[in-house]
Amino acid sequence: MIEIQHLSKKYRRDVFALCEIDLTIGTGMFGLLGPNGAGKTTLIRLIAGLITPTHGQITVWGHRMHLARERQAAKGLIGYLPQDLGVYPNLTAFEFLDYMAILKGVVDRKTRAQQIQQVIEAVRLQEAADQRLKTYSGGMKRRIGIAQALLNDPKVIIVDEPTAGLDPEERVRFRNMLADLSQDRTVILSTHIIEDVSQSCQELAILERGKLKFHGSPRTLIREARGKVWTILTDGQRPQGVTVVSTLQSERGTSYRVIGDPPAYYDPQSVEPLLEDGYIWKMQIQ
Amino acid sequence: MTTMIAQLSGIVRYESKIQQRTFRWMLVGVSFMVISLLIVIIYSPQQAALRINIVDTTFFDVEFDENSGTLITIERAQLKVFEVLGDRVITESDLQRFWNTIPVLDALRIGLLMLLALLTVMMSDVIPLDRKDKMRETLFSTPLNALTYLIGKVLTVWVNLWRICAIGAVILALVVWIFRGPFDWTLYLVIWGMVIVPSAMLVCALSVLLPSFAHNRRVAIGFSVILLPLVILLYAVIIFGLMDVIVLIDPAYRFTNGFLTFPELPEAVILGNIARLYGQGLLIGLLALLIAWFFQIREQRR
Ligand SMILES: Nc1ncnc2c1ncn2[C@@H]1O[C@H](COP(=O)(O)OP(=O)(O)O)[C@@H](O)[C@H]1O
Ligand SMILES: [Mg+2]
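Those sequence lines, one after another, are chains A and B.
For the first sequence, this note's numbering gives the first residue as 1, with consecutive numbering after it.
For the second sequence, this note's numbering gives the first residue as 1, with consecutive numbering after it.
A hint or two may mislead.
Below are the DSBU-like pairs computed for lysine-lysine, each with C-alpha atoms no more than 30 Å apart in a straight line [stated by the list, open to error]:
(1) A:LYS213 <-> B:LYS132
(2) A:LYS134 <-> B:LYS134
(3) B:LYS134 <-> A:LYS282
(4) B:LYS17 <-> A:LYS213
(5) A:LYS141 <-> B:LYS134
(6) B:LYS132 <-> A:LYS141
(7) A:LYS211 <-> B:LYS17
(8) B:LYS17 <-> B:LYS134
(9) B:LYS17 <-> A:LYS10
(10) B:LYS132 <-> A:LYS282
(11) A:LYS282 <-> B:LYS17
(12) A:LYS155 <-> A:LYS10
(13) A:LYS10 <-> B:LYS132
(14) A:LYS155 <-> A:LYS211
(15) B:LYS17 <-> A:LYS141
Per the computed footprint, the stretches of chain B lying under chain A, defined by three or more beta-carbons under 8 Å from a beta-carbon of chain A, are [what the hints assert, rightly or not]:
(16) 3-16
(17) 165-173
(18) 234-244
Hints in this document: simulated from the structure, not taken from any laboratory.
Treat the numbers as computed from the prediction; the structure is a model and nothing was measured.
All C-beta atoms, glycine included, are put in the ideal place defined by N, C-alpha and C.
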């Protein structure tokens, strides 16, 4: 359970990376959408207790993040995968995970070994566990990053753009893994890729330029775009005055999927919106 | 508290591995050994003789110094040391031991300068390395606080330093014993334990903590080069203060002029000076910790 009240963050003078955010995040998968520079990473760093807000406050499972002692306790409940993930190149995966587990307060050696075994299996890196991390590919490093976040059975898992740099197959597996994890805990997934959140999120928020543009279920977002999504068939001419989402070539001409209010002479056919349409519709209206 | 101790031991364990696998300690150790071994091996007895303050050349003509209470004579490159204070008479084997110890003292003295300079530069990027490896976000997303982190880094460097010093002391002792014969063991160990290790510990702490603000390794190493004159100053203070400890071991060494400060000082004063130096070192170290802590906190309060 994460409660965010009147949260603002200013890095430099006059530039708000986040402005007056109010959010409550419960169990399940929470998607955080927004274009680059929207403030997703900033919000996530604030929740993870890595930076302090300019105004407002955050509570994570009752721990108030502005108090040092409670923040330490909250950090013990959070597993975090940073956007710009690093690993120690000269440690093996096992050593790295053991180190992180110790820092997370898993004191008992046996428990630690057991947990490492579990998370390494979860990310399917058993074979490479004794290799130095500098030999790892980008995708393997991400998997070690998520393995590290899973240590000590966190109540809250926060992943920041986790699918960047993964190949499609890995991406699907990763999404499924997060969906499984969100059964009994909070998973906050930040991304600018809509497919990452489309299937599994119970709730999502859209950030744009530091402001909360939308907060609700994916279904609500889709419903709000209803009546705004159309297909237009032309002989190759791009329709004007609307946003083109996708293009499909066929023998009858070029079919455009558009969002907005197309003029009647295009003969637009209304279609059922997808999550992506909802997102684009939301980003368009001011 | 138990978490903090567990975290510290974890940092020491794995940071050690990381530091060793970048070979920086090997470089420090090898450089130190090469310099000290060279000095021990190429040192000529004539040079050693020059380093002894000669009170007089004939025993019976000597007007010995009442404050120091020690006489040294040299006759045809034959060194004789007489301790007049107390009832101890120096024997031939004492003399040999004393004679062999002089190059060891010089090797350690110059080796120490080398060691301190190397440590200043080589340990300066220990904390910036975490930024280069992009590990800070991950590290501080755990319940690890900035103070534990800093202490852990310093401790790791210390543990590695102790290891290097232990190996270095043994190798150097063996070489001296093979090339020169028996020498003053007590003095040797006391210099390692009371002069070299503590001063290197202080320099390591400064070198880890003061450049910790640097956002990349190059800045850290650059900053450590700026710190070098300070370290050399520190070295001078150590040589002229801490090295007095050899006089407490055997007053005969008062006349090895490399460390000669005030040979007439009474023991209590020498002890007092040494204690004061340790205190000052501790204070400087704590101040560095405070400064580094401030930067860590500020970085997290961005
Ligand atoms: N450390 C920082 N210092 C100054 N400005 C920053 C810093 N981090 C992010 N910003 C600014 O804050 C805004 C939000 O950035 P960020 O939270 O990284 O967005 P996102 O993760 O959604 O791409 C951007 O305009 C970015 O330039
Ligand atoms: Mg980001």
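Verification of the supplied hints:
1. A:LYS213 <-> B:LYS132: Roughly 35 Å between the alpha carbons, so the hint for A:LYS213 and B:LYS132 is violated.
2. A:LYS134 <-> B:LYS134: holds, 13 Å
3. B:LYS134 <-> A:LYS282: violated, 35 Å
4. B:LYS17 <-> A:LYS213: Since the Cα atoms of B:LYS17 and A:LYS213 sit roughly 47 Å apart, the hinted pair is violated (cutoff 30 Å).
5. A:LYS141 <-> B:LYS134: This hinted pair holds, its Cα atoms lying about 12 Å apart.
6. B:LYS132 <-> A:LYS141: Roughly 16 Å between the alpha carbons, so the hint for B:LYS132 and A:LYS141 holds.
7. A:LYS211 <-> B:LYS17: violated, 45 Å
8. B:LYS17 <-> B:LYS134: holds, 18 Å
9. B:LYS17 <-> A:LYS10: violated, 39 Å
10. B:LYS132 <-> A:LYS282: violated, 38 Å
11. A:LYS282 <-> B:LYS17: With Cα atoms ~51 Å apart, A:LYS282 and B:LYS17 exceed 30 Å; violated.
12. A:LYS155 <-> A:LYS10: Holds. A:LYS155 to A:LYS10 sits at ~28 Å (cutoff 30 Å).
13. A:LYS10 <-> B:LYS132: At roughly 25 Å apart (the allowed maximum being 30 Å), B:LYS132 and A:LYS10 satisfy the hint.
14. A:LYS155 <-> A:LYS211: With Cα atoms ~27 Å apart, A:LYS155 and A:LYS211 stay inside 30 Å; holds.
15. B:LYS17 <-> A:LYS141: holds, 20 Å
16. 3-16: holds (count 8)
17. 165-173: With 0 residues close enough to chain A, the hint is violated.
18. 234-244: Violated: only 0 residues of the stretch 234-244 of chain B have a Cβ under 8 Å from chain A.
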